[in-house]
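Kindly produce the complete structure, drawing on both the sequences and the hints.
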Amino acid sequence: MQSFSSLLLSLRSGFDSGFIYSSGVVWYFCRSCLQSDQLLTSHSLTQKREKASVQRGRGKKESAPNLLCGRLIIIEDIVTQIQDETDGVPIRTVKSFMTKIPSVVTGADIVQWLMKNLCMEDPAEAMHIGSLIAAQGYFFPISDHVLALKDDGTFYRFQAPYFWPSNCWEPENTDYAIYLCKRTMQNKTRLELADYEAENLARLQRAFARKWEFIYMQAEAQVKKKDKTERKILDSQERAFWDVHRPVPGCVNTTEMDIRKCRLLFAVSTNSDSCHLLFQILFLNTQLDRHCMKMSKVADSLIMYTEQYMEYDPLVTALEPANPWASDDPSFWDLEASKEPSQPRVKKWGFSLEEALKDPAGQELFLKFLESEFSSENLRFWLAVQDLKRMPQQEVAQRAQDIWTEFLAEGAPSSINLDSHSYERTSQNLKDPGRYSYEDAQDHIYKLMKSDSYTRFLRSNVYQDLLMAKKKQGRRTSLEKFTRSVVSVPLLGLHSFKLRIK
Amino acid sequence: MRSPPIPEMATQEVQLSETLAHLKTESDTLKGKLEEERAKLHDVELHQVAEKVEGLGQFVMKTRRTLKGHGNKVLCMDWCKDKRRIVSSSQDGKVIVWDAFTTNKEHAVTMPCTWVMACAYAPSGCAVACGGLDNKCSVYPLSLDKNENLAAKKKSVAMHTNYLSACSFTNSDMQILTSSGDGTCALWDVESGQLLQSFHGHAADVLCLDLAPSETGNTFVSGGCDKKANVWDMRSGQCIQSFETHESDINSVRYYPSGDAFASGSDDATCRLYDLRADREVAIYSKESIIFGVSSVDFSLSGRLLFGGYNDYTINVWDVLKGTRVSILFGHENRVSTLRVSPDGTAFCTGSWDHTLRTWA
Chain A
1 MQSFSSLLLS LRSGFDSGFI YSSGVVWYFC RSCLQSDQLL TSHSLTQKRE
51 KASVQRGRGK KESAPNLLCG RLIIIEDIVT QIQDETDGVP IRTVKSFMTK
101 IPSVVTGADI VQWLMKNLCM EDPAEAMHIG SLIAAQGYFF PISDHVLALK
151 DDGTFYRFQA PYFWPSNCWE PENTDYAIYL CKRTMQNKTR LELADYEAEN
201 LARLQRAFAR KWEFIYMQAE AQVKKKDKTE RKILDSQERA FWDVHRPVPG
251 CVNTTEMDIR KCRLLFAVST NSDSCHLLFQ ILFLNTQLDR HCMKMSKVAD
301 SLIMYTEQYM EYDPLVTALE PANPWASDDP SFWDLEASKE PSQPRVKKWG
351 FSLEEALKDP AGQELFLKFL ESEFSSENLR FWLAVQDLKR MPQQEVAQRA
401 QDIWTEFLAE GAPSSINLDS HSYERTSQNL KDPGRYSYED AQDHIYKLMK
451 SDSYTRFLRS NVYQDLLMAK KKQGRRTSLE KFTRSVVSVP LLGLHSFKLR
501 IK
Chain B
1 MRSPPIPEMA TQEVQLSETL AHLKTESDTL KGKLEEERAK LHDVELHQVA
51 EKVEGLGQFV MKTRRTLKGH GNKVLCMDWC KDKRRIVSSS QDGKVIVWDA
101 FTTNKEHAVT MPCTWVMACA YAPSGCAVAC GGLDNKCSVY PLSLDKNENL
151 AAKKKSVAMH TNYLSACSFT NSDMQILTSS GDGTCALWDV ESGQLLQSFH
201 GHAADVLCLD LAPSETGNTF VSGGCDKKAN VWDMRSGQCI QSFETHESDI
251 NSVRYYPSGD AFASGSDDAT CRLYDLRADR EVAIYSKESI IFGVSSVDFS
301 LSGRLLFGGY NDYTINVWDV LKGTRVSILF GHENRVSTLR VSPDGTAFCT
351 GSWDHTLRTW A
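Respectively, the protein sequence lines represent chains A and B. Residue numbers for the first sequence follow UniProt numbering, beginning at 1 and rising by one. Residue numbers for the second sequence follow UniProt numbering, beginning at 1 and rising by one.
Calculated directly from the structure, the hints in this document are not laboratory data. We put the CB at the ideal spot given by N, CA and C, even for glycine. It is possible that some hints are incorrect.
Some chain B residues well away from chain A (every beta-carbon gap over 10 Å; in silico) [claimed, not checked]:
hint	residue
1	T11
2	S27
3	Q58
4	K68
5	K105
6	A203
7	S214
8	T219
9	S242
10	G303
Listed next, with one range per pair, are the computed distances between beta-carbon atoms [to be verified]:
hint	chain 1	residue 1	chain 2	residue 2	range
11	A	D359	B	G237	45 to 53 Å
12	A	K294	B	T63	36 to 44 Å
13	B	E35	A	G153	46 to 54 Å
14	A	R456	B	H22	54 to 62 Å
Quick look at the structure:
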């Protein structure tokens with residue numbers, strides 16, 4: 001996260017404000033605030049929140065310059081709602097021994113509220129989300145440095161908007177030193193430093209040895225005499241602030257950001273560029289001409305595909321042998337790698353030509369079948385073009401030529417049958433040979449294989465035998481043949497026409 | 001602020017802004033028309049048709065392996081085609097190759113930059129590609145000799161003008177597809193480092209990409225900070241389809257196994273399914289209780305399940321057809337930054353800001 005001064009430098013002229021988005025929080029800044037070194041007031045935050053609430057609702061697209069969406073500041077919306085006087089949690093002053101604990105709510109109340117308002121069935125979910133919201137610094141346990149939500153009577157207090165992450169806080173180590181110093185000045189047990197804080201203070205004293213006097217003075221000045229209750233609340237809020245920015249060792253530092261998102265979002269990007277708009281218009285016109293499928297057909301297609309493959313999906317259907325990751329036994333993989341493809345695997349080759357070719361064993365069998373029919377040149381051409389597309393750039397031109405010689409030239413040894421249109425296109429392409437020179441031809445040959453050879457392959461003995469898991473040494477014995485015909489006899493009267501077709 | 005314009009310039013400026021306004025209006029009108037046309041074909045919802053589909057049983061998925069060894073946030077991972085090895089990269093510049101089944105580390109490389117946001121395993125299993133803040137994508141051949149210094153054989157392939165967000169080998173070790181914070185995607189020849197094709201059209205950082213699963217396909221999808229998911233033709237460099245329904249950055253895109261649709265995960269806390277034939281969003285996976293962004297998504301082998309890694313440290317498992325959440329998985333102690341299903345679908349692996357990777361099944 002950049003410092004305020006560098007933010008200022010990178011603001012483009014004409015822009016008075018903007019948004020930085022990171023870690024699920026939108027950071028809003030405005031030029032005048034930065035120049036006067038003021039922090040955002042809760043007033044401007046309220047404005048932003050109201051705007052966001054208006055935008056909320058799926059499908060609403062706010063035009064530029066506002067790149068906010070309801071969900072981005074949903075956390076702050078939640079935190080505001082949860083403190084609402086009528087619809088929020090009961091925040092009250094609790095009497096404890098000789099003192100009063102102001103402005104607290106129990107963890108259980110927060111969990112209940114989250115479950116109800118975020119529609120969660122499981123309190124574990126509410127505790128998880130609540131802990132994340134706490135870790136970001138929006139509420140905190142009054143007696144612990146660890147920012148997590150418990151589903152019990154533990155007391156929590158809400159953080160002042162002044163300290164919210166969206167205020168672009170980037171507190172320096174000098175600020176932290178002043179704070180720790182302050183804590184040591186107040187002789188109250190509840191303000192005693194934890195071990196890691198004492199270590200931090202010692203480290204900072206060494207680092208800032210030269211300006212320690214200044215730090216001490218600042219700390220003294222900040223220890224003002226205020227109303228006891230107000231002091232209690234402010235102290236706890238300040239402590240919670242530092243728990244976010246200097247977390248307990250071992251806790252997640254929620255101020256860490258995804259570096260890809262640490263950029264300034266400006267409303268006007270290329271959207272106003274006339275060139276971009278022209279492209280957009282051209283693109284939209286082509287999209288209008290597109291012939292699309294009805295949703296009902298799409299749904300049927302997706303369902304059909306998924307249902308067909310579900311029996312092969314190890315995370316949906318139990319495997320035979322067991323999933324190696326669960327059983328620690330790699331037999332499943334050994335079986336898949338063996339020369340003998342399993343029956344389910346062979347069955348999959350029948351789903352589509354693509355599926356058959358994807359599997360090296362399926363591809364091999366299909367090739368063998370085609371060889372037996374003396375039509376293997378189609379598949380070999382298709383495979384050669386696949387290879388061509390995978391070559392290093394340097395070798396492409398030569399390979400393209402080789403393919404022409406082998407498959408398409410006059411008197412080619414493995415001559416394939418192309419329609420004249422594809423042939424013309426391809427020979428034109430070959431004038432400047434590239435890895436996509438054969439796209440048309442490949443497409444044509446693929447369609448041919450799919451409609452012709454592939455369907456015959458599926459009906460062929462080589463495939464059917466494997467599919468029915470018949471033994472390799474078996475042509476059917478004469479006994480088997482006999483038995484089959486005997487079984488059919490009683491039906492002869494009714495089904496004789498069927499037998500004849502067989 | 002600008003100084004007052006000279007009169008001629010003022011007229012020019014007025015003309016330009018008028019033209020822009022006209023173009024904007026035309027563009028908006030077309031968008032409206034397109035939406036109208038598409039809506040006519042939207043006769044039913046996917047989850048409605050899916051009511052006839054049998055419900056999924058109770059899911060028991062848990063962490064089967066935890067891989068410890070990275071010293072900082074894990075940012076990316078990819079599976080090897082052998083279904084058990086993986087490569088992972090992290091913020092501290094380390095790229096590690098593991099046998100996830102035994103949890104042994106097999107190779108480690110230290111990149112000269114931090115935030116290695118992208119890594120990929122070559123189809124042959126003999127090399128890995130990675131890159132990030134160095135704006136490059138480099139390929140490291142994996143040596144069988146453990147003592148050999150991998151960094152010495154490094155090959156710089158891609159050069160962008162901003163961070164590398166994602167990379168993927170195409171069907172061979174010879175080409176790499178990259179996406180970048182500079183708003184473009186590009187296809188490179190590994191051997192020569194030559195740029196084969198570049199893809200322009202995103203208005204902001206491109207964060208993710210995925211290649212269409214088809215053997216004959218030449219398309220891929222990309223998602224970016226402009227909230228758009230674009231489908232590209234690798235041959236021509238043209239954007240052939242575009243989808244803009246997310247409300248924030250798209251962090252991850254992944255094709256449905258048939259290649260007819262793809263899913264996306266976004267900072268708006270939703271995952272969405274887009275069908276290419278309908279040219280529309282056809283499902284949205286979201287819940288009131290999910291308020292943190294999705295960092296990465298992937299499908300199970302049949303496409304029935306969609307796994308989403310979220311910034312709230314969890315993994316949500318969705319029933320793709322019915323649109324409901326099947327399961328929520330806890331385990332990571334910080335954001336889930338990357339998620340991939342293994343090549344044979346037997347498990348999925350997640351990487352997290354908690355420095356670890358986990359395999360789930």
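Hints, one by one, checked against the model:
1. T11: 17 Å, holds
2. S27: 5 Å, violated
3. Q58: 12 Å, holds
4. K68: At roughly 16 Å from the nearest Cβ of chain A, K68 of chain B sits farther out than 10 Å, so the non-interface label holds.
5. K105: 18 Å, holds
6. A203: 5 Å, violated
7. S214: At roughly 7 Å from the nearest Cβ of chain A, S214 of chain B sits no farther out than 10 Å, so the non-interface label is violated.
8. T219: 13 Å, holds
9. S242: With a cut-off of 10 Å, S242 of chain B comes too close to chain A, as the shortest Cβ separation is near 7 Å.
10. G303: 5 Å, violated
11. A:D359 <-> B:G237: 45 to 53 Å: 32 Å, violated
12. A:K294 <-> B:T63: 36 to 44 Å: 42 Å, holds
13. B:E35 <-> A:G153: 46 to 54 Å: 53 Å, holds
14. A:R456 <-> B:H22: 54 to 62 Å: 59 Å, holds
Consistency with the previously given hints fails for numbers 2, 6, 7, 9, 10, 11, ordered from lowest to highest.
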